[in-house]
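Work the whole structure out from these sequences, hints included.
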Amino acid sequence: MEMLASLWSSTGLPTVGAHAVAMPYRTLFATLQQLLVGKEVTVRIGDQDVTLTVVELESELDPQGLPVGQLGEVRVAARDIRWADNRLQSAVAVLRNVHIRPGVPPLVIAAPTELTTELPKDLFDHVMEQAAPHVRSESGEDGTARLSWARRPGLGGLEVDADVVGSTLWLRPRAVVAGQRRWKLPLRTPAYQVELPELPHGLMITGVELTPESLLLSGLLPEWRMELPLRALEDLITRLSQGALSFSWPSLWWGSD
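Taking our numbering, the leading residue of the sequence shown gets 1, the next gets one more, and so forth.
Simulated from the structure, these hints should not be mistaken for laboratory data. Each hint should be verified, as a subset may be incorrect.
Unchecked claim - Taking lysine to any residue pairs in the SDA-like style, the calculated list, with each CA pair at most 20 angstroms apart, reads: (1) LYS121 / GLY207; (2) LYS121 / ALA162; (3) LYS121 / ALA131; (4) LYS39 / LEU240; (5) LYS39 / TRP83.
From a predicted model like this one, the values you see are computed outputs, not experimental measurements.
Okay, here's the thing in structure tokens:
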């Protein structure tokens, strides 16, 4: 608690009151909110630089749980996330049952974590090409996915709705399209299944939605952990309080063992 109080005073930010200073986790959270939200930052994790703009960092921080390291629910949102040749338009993580496990270093643990991300809509077409090479996928300007035979795309195609159940992507036909003509299909028309690849750390895809501008993916991570080395935390807050917008972090996240 003394270290966190010292960090707070070194930032030059306004005090948040004696009650908050007596609560090291609340003090830390308030400090990070004021230093990060609205800023574009670059985080170096291992040999990879990730650049993003933090748009939200929120938690109710139940006072009854804070003294024992129980932070409750934490919501983090960012936009324009870039690393290497990859880009996410936005991402939101809702971390539930967040708590600090004592140790060297301490661990931040959340179980589960709900993830939502917005991707370029042409990624859906790329995934379909990898999963089912004989099928050609095209995302329309209205957010509709259309499937056609890869060898004869000019013959017409199917408009489909996408849904995820377990590790399977279900493509449910809703209409046949040929040229300018469209025939609506019965609701009981059989769906097309695409098995999704196994994702790291037990991450599960729970939802997929095509919009006119993007592909929205939802996922669930059963357990998320992050080391909280105090020296790295001290360096982070010191750099941010001095106006630096780039920093390193030993590790970002991993799932349960």
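Each hint tested on the structure:
1. LYS121 / GLY207: Distance of about 15 angstroms is within 20 angstroms: holds.
2. LYS121 / ALA162: It holds: about 13 angstroms lies between the C-alpha atoms, which stays within 20 angstroms.
3. LYS121 / ALA131: holds, 16 angstroms
4. LYS39 / LEU240: Holds. LYS39 to LEU240 sits at ~10 angstroms (cutoff 20 angstroms).
5. LYS39 / TRP83: Status holds; Cα separation ~17 angstroms.
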